[in-house]
Every structure is written in structure tokens, then in C-alpha cells.
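Student: Spelled out from the first residue to the last, the chains are:
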Amino acid sequence: GAVVSQHPSWVICKSGTSVKIECRSLDFQATTMFWYRQFPKQSLMLMATSNEGSKATYEQGVEKDKFLINHASLTLSTLTVTSAHPEDSSFYICSARGSGGDSDEQFFGPGTRLTVL
Amino acid sequence: ILNVEQSPQSLHVQEGDSTNFTCSFPSSNFYALHWYRWETAKSPEALFVMTLNGDEKKKGRISATLNTKEGYSYLYIKGSQPEDSATYLCAFIRGSARQLTFGSGTQLTVLP
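Quick mapping for you: the protein sequence lines, in order, are chains G and X. Here the numbering used here is used: the first residue of the first sequence is 1, the next is one more, and so on. Here the numbering used here is used: the first residue of the second sequence is 1001, the next is one more, and so on.
Read the hints as simulated data drawn from the structure, not as lab findings. Be aware that one or more of the hints could be misleading.
List time: in silico DSS-like cross-link candidates among lysine-lysine, alpha-carbon distance up to 25 Å [stated by the list, open to error]:
no. : chain 1 : residue 1 : chain 2 : residue 2
1   : G       : Lys55     : G       : Lys14
2   : G       : Lys66     : G       : Lys41
3   : X       : Lys1069   : G       : Lys41
4   : X       : Lys1078   : G       : Lys20
5   : X       : Lys1078   : X       : Lys1042
6   : X       : Lys1069   : X       : Lys1042
Some but not every residue of chain G turned toward chain X, in silico, with C-beta under 8 Å [as the list claims (entries may be wrong)]:
no. : residue
7   : Val4
8   : Ser43
9   : Leu46
10  : Thr49
11  : Asn51
12  : Phe108
13  : Pro110
Here the structure is a predicted model, which means the values were calculated and not measured. Think of the CB as a built atom: it goes at the ideal place given N, C-alpha and C, for glycine as much as any other residue.
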């Protein structure tokens, strides 16, 4: 199947700093990428959907100025958590969807564990 | 708000046992249901994409059924092995949104 990488796999930062997470589709072109967040003992929650070359669509309750998403190429999307605070500590995971085959299938990265001190 | 419920939350079985879990979802405006297998420290791996009422899909010892009219899907594992230990997630797509709404998963542990 298609491979999606995510970097870093974990990060610890101080409150008030910004953190960038990269999501790459390694062997296919991802026209759409999704960013999810998972808090302990909860399900994966969609944060935003991004299409290459256009602005991301954010889910209700997700601050677009805090979670900056850039999808500048067909193989890379980045999520920047700006001015991170302890309540932003969570597991962030991306997925990518290509334009061919089963066009609803999403391929996931391994996720990034963010801890804000 | 879409509610996708999975049960049980966790499950321990002995090697060789067969097991099954349930995913419940809203039956209105159904589009598709996805099953994923998620091992610790790895990426969720797609198992099945199911779209039609009455669908049955099989992949090795794992199979799944779908009932869109009553809003549930079952995932079966025959002759569980320790390597089947993982969290099994279902995700629902409603209408044409093409966005996944996940359940909280069933964590399966297969004891040798």
C-alpha cells in the first residue's frame, strides 16, 4: 500500500513556542491531506482537510490561526502549532488521499506525540 | 454530531480463539465504512472499505460484514494469533463529505 511518513515522531517543547509537523506521501501524489488529533482514551478527531494549492478547511472548534496548515505540494503538508500551550499536548496524525484507485481510502502516517511543558 | 460506537473497548483472548467486535454508526445517508488495524507505534493500516448493505469482505483470517439499514458492522478474527494484537478502528463516511468519523476503537490483546 501507499506510504505516508510523519516527522517528528515525538516532540517536547516549552509553552509559547511553535512546533511544525511534516506529513509526506512517499510513493503517491496526495491531492488531499487530513490532520487528526487524538486525546487520551478518545477517538481520532478530524481537525482540518487540506487540498494541494488551496486553503485548508477547518472543523468546528479548531482555531485556524493556531493550527496553521500548508499543503504546498502534492507530497507534503505541514501543521504548525503556534504558541503551543499544555492543553495542545496530544497525538497528531495525518493521512493522505490520492486521486486514483479507491478514492476514499486514506493512508496514515505514524503520528506525532506533542508534549508542551 | 455523528456518533460511531465501537464495542467492546478492549478484549483479551487466548491464542487460537475466534473473536468479533462491533461498530455502530448512523444508518441515515450512509456512504462508506472503513476498518483499520492500528499497532502501537505504527501507522493505521486499512483493512476494508465497505459500501454496500450486506457486504462481506475477507482478508486472510479477518472478515467483516456490513448492515447499513440497521447501522452496524462486525469484524471477525478467526483463530487469533499474538500478532493480531492491535487496536481495530472503524470509521464512517456520511453522504458525500468523504471525511472519516472514527470510533474510539477496540483494543485486542491475544495471549500466547
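Student: Which of the listed hints are not met by the structure?
Tutor: 1, 3, 4, 6, 11
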